[in-house]
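Given the sequences, and given the hints that come with them, work out the whole structure.
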Amino acid sequence: MSVNAEKPGGDASITKRLDVKGLVCPRPMVMTMSMLKGMCAGETLEVRANDSSVKHSIPSLCERAGYKLLSQRDEGGEFIFLIQK
Amino acid sequence: MSDFDFGVAGWFNAWYKKFFREKWPLWLAALFMAISGIMAYGIATWSLARTVSGDNPYDQAKPLGTFLGLKELGGLIDNLLGKIGLPHYPFSGYIWPNGTVNFFRQLPNPMLEPTVGTMLGILFGGLIAALLAKEFALKVPLDKSEYGLAVSGGVLMGFGTIFMFGCPLASTTNTGAMGVQALLMVAGMTIGSYFGAKIIVWLEKRRMSMSLAFADGAGYRPLMHFEKTRTIWPRLPETADGGEPGSIRYQPYLAIGLVLVMIAVLFRFGNMGYPALALSFAAATLTGFAMQRGGICFAHAYREPFLSGFADMSRAIAFLYILLILGFLPMKLLAAASPDLAYAEIFAVSPAGIGIVLGGALFGIGMALNGACVSDSLWRTAEGQVKIWIGLLTLICVSSWLFPMRNEPWFKHYFAPYGSHNIRNVYLPHILHSYPLAVVLMIGVIVLWALMMTWFSGRTFKKYMEG
Numbered sequence: 106m107s108v109n110a111e112k113p114g115g116d117a118s119i120t121k122r123l124d125v126k127g128l129v130c131p132r133p134m135v136m137t138m139s140m141l142k143g144m145c146a147g148e149t150l151e152v153r154a155n156d157s158s159v160k161h162s163i164p165s166l167c168e169r170a171g172y173k174l175l176s177q178r179d180e181g182g183e184f185i186f187l188i189q190k
Numbered sequence: 065m066s067d068f069d070f071g072v073a074g075w076f077n078a079w080y081k082k083f084f085r086e087k088w089p090l091w092l093a094a095l096f097m098a099i100s101g102i103m104a105y106g107i108a109t110w111s112l113a114r115t116v117s118g119d120n121p122y123d124q125a126k127p128l129g130t131f132l133g134l135k136e137l138g139g140l141i142d143n144l145l146g147k148i149g150l151p152h153y154p155f156s157g158y159i160w161p162n163g164t165v166n167f168f169r170q171l172p173n174p175m176l177e178p179t180v181g182t183m184l185g186i187l188f189g190g191l192i193a194a195l196l197a198k199e200f201a202l203k204v205p206l207d208k209s210e211y212g213l214a215v216s217g218g219v220l221m222g223f224g225t226i227f228m229f230g231c232p233l234a235s236t237t238n239t240g241a242m243g244v245q246a247l248l249m250v251a252g253m254t255i256g257s258y259f260g261a262k263i264i265v266w267l268e269k270r271r272m273s274m275s276l277a278f279a280d281g282a283g284y285r286p287l288m289h290f291e292k293t294r295t296i297w298p299r300l301p302e303t304a305d306g307g308e309p310g311s312i313r314y315q316p317y318l319a320i321g322l323v324l325v326m327i328a329v330l331f332r333f334g335n336m337g338y339p340a341l342a343l344s345f346a347a348a349t350l351t352g353f354a355m356q357r358g359g360i361c362f363a364h365a366y367r368e369p370f371l372s373g374f375a376d377m378s379r380a381i382a383f384l385y386i387l388l389i390l391g392f393l394p395m396k397l398l399a400a401a402s403p404d405l406a407y408a409e410i411f412a413v414s415p416a417g418i419g420i421v422l423g424g425a426l427f428g429i430g431m432a433l434n435g436a437c438v439s440d441s442l443w444r445t446a447e448g449q450v451k452i453w454i455g456l457l458t459l460i461c462v463s464s465w466l467f468p469m470r471n472e473p474w475f476k477h478y479f480a481p482y483g484s485h486n487i488r489n490v491y492l493p494h495i496l497h498s499y500p501l502a503v504v505l506m507i508g509v510i511v512l513w514a515l516m517m518t519w520f521s522g523r524t525f526k527k528y529m530e531g
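If you read the sequences in order, they're chains A and B.
According to the numbering used here, the first sequence is numbered sequentially starting from 106.
According to the numbering used here, the second sequence is numbered sequentially starting from 65.
To be clear, the hints were calculated from the coordinates, so they are not data collected in a lab.
Short derived list, chain B residues pointing at chain A, Cβ under 8 Å:
1) 87
2) 201
3) 264
4) 268
5) 364
6) 367
7) 372
8) 374
9) 451
10) 531
In silico EDC-like pairs for lysine to aspartate or glutamate, Cα to Cα no more than 16 Å straight-line:
11) B:87 <-> B:376
12) A:190 <-> A:151
13) A:160 <-> B:86
14) B:208 <-> B:268
15) A:173 <-> A:151
16) B:81 <-> A:179
17) A:160 <-> B:376
18) A:190 <-> B:530
19) A:190 <-> A:148
20) B:526 <-> A:168
21) A:173 <-> A:148
22) A:121 <-> A:151
23) A:121 <-> A:148
24) A:160 <-> A:180
25) A:190 <-> A:168
26) B:87 <-> A:179
27) A:142 <-> B:530
28) A:142 <-> B:268
29) A:160 <-> A:179
30) A:160 <-> A:183
Note that beta-carbon positions come from the ideal geometry of N, C-alpha and C, so glycine has one too.
This is how it looks when you write it as structure tokens:
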């Protein structure tokens, strides 16, 4: 699992990235919540996971916490979410 | 393409996507699980009637649960690896109509233990669902801490399952069966999951502080720089045109092939004199399928109200508990009216005591750390999560190794004394002398549990938002 601030030359719309591939529930959800908690309103987080539990949990988190789920896609079992706080 | 082709293909694709690709609502998955649980209870009652009437005595089915299956699979592992010290008792727990719990019928083959079939059925159902959804992938975490969590979770669950005489899936059957044990299991697993959630929060905070130590000056801050995953199969991207690789594209066809093979094998098994085992395998397959489609996870249901502040899974499990209470009732009343089927009235009711709460608590901590209980592990194993395999194997070996302890007099005396001599003493309709009262009490307790979990989830989430 890794997290990085956006590097120069990257996608400017993404403030931070969180790669939780290989981690199993509950850690992808816990790390996503923790990451979003430390971000400012308006910043965007890209989450990459391959545990199917996130298909339910991350959209539920966004709905409940009022975060904006900008996009959600499945790339061959890798689930990618773009969330705006 | 003609309009007709477009219409049929479009309808089929939309239907396929809705049913096999998208996640089901939790209530729908819980409903399917309840249907399969009620089917399993009915098949077990029918197999008892067949045994009483003199048919194949080895063709026994049991309601959904995995406890004895863990022991048998442990024995099989022992056979495969050579003697590694795991006991192997090819017995099938069976209680004759007089209500005692000491009658065991020896089986010629451990694979004839019905709960082995239940476990394999859940795994198979999960695999079919994962393949139809193109979600199967062998995922290997390279972070050693993941394996540490899996092994420690497996050990705790191994101890827990012995003390509480079951697993969370069995807790659904036991709740439907209206035994006192079920309520103690729910209480124990709730307490354990609370502490499990606290341990996870502590571990994550520790990981976070460690990650900051690895920060470099280029803006790249690896949280756990050594932690990566490796997907062994399928490999992505594979095709030059950017399309789906064959290893993903053909997964649904593999699923259809496996279902056809399963149907042929079950028919063959039925013709060989084991129709009850074949049918109970089919019921378990439906359970595994529904669990994978809905993402039903007992570990999630018990842990998340204390960890992330979500109780939707807890409410789905409560819905499942209630459906099983109502669904088992007609069969129980039917069995109560027939002396030969008296045992079917008390299927899945087990002796109770402080050991059930203790075991539930150990199991709750273990499943929180591992991320899955037994049935969760089975369908997630079928999704290719290698970490879950490690936890499941540990759980099988530990519970199999500890199993003989269940039969020690001191164990029964201290940990499960109630109902050891007459199981009806821990059967709520017998204690209350009323079926309607027992049903109302059981449903009332489950509703209260769901409300409590919802309250805890609100409290946890409020803390997160206000953090």
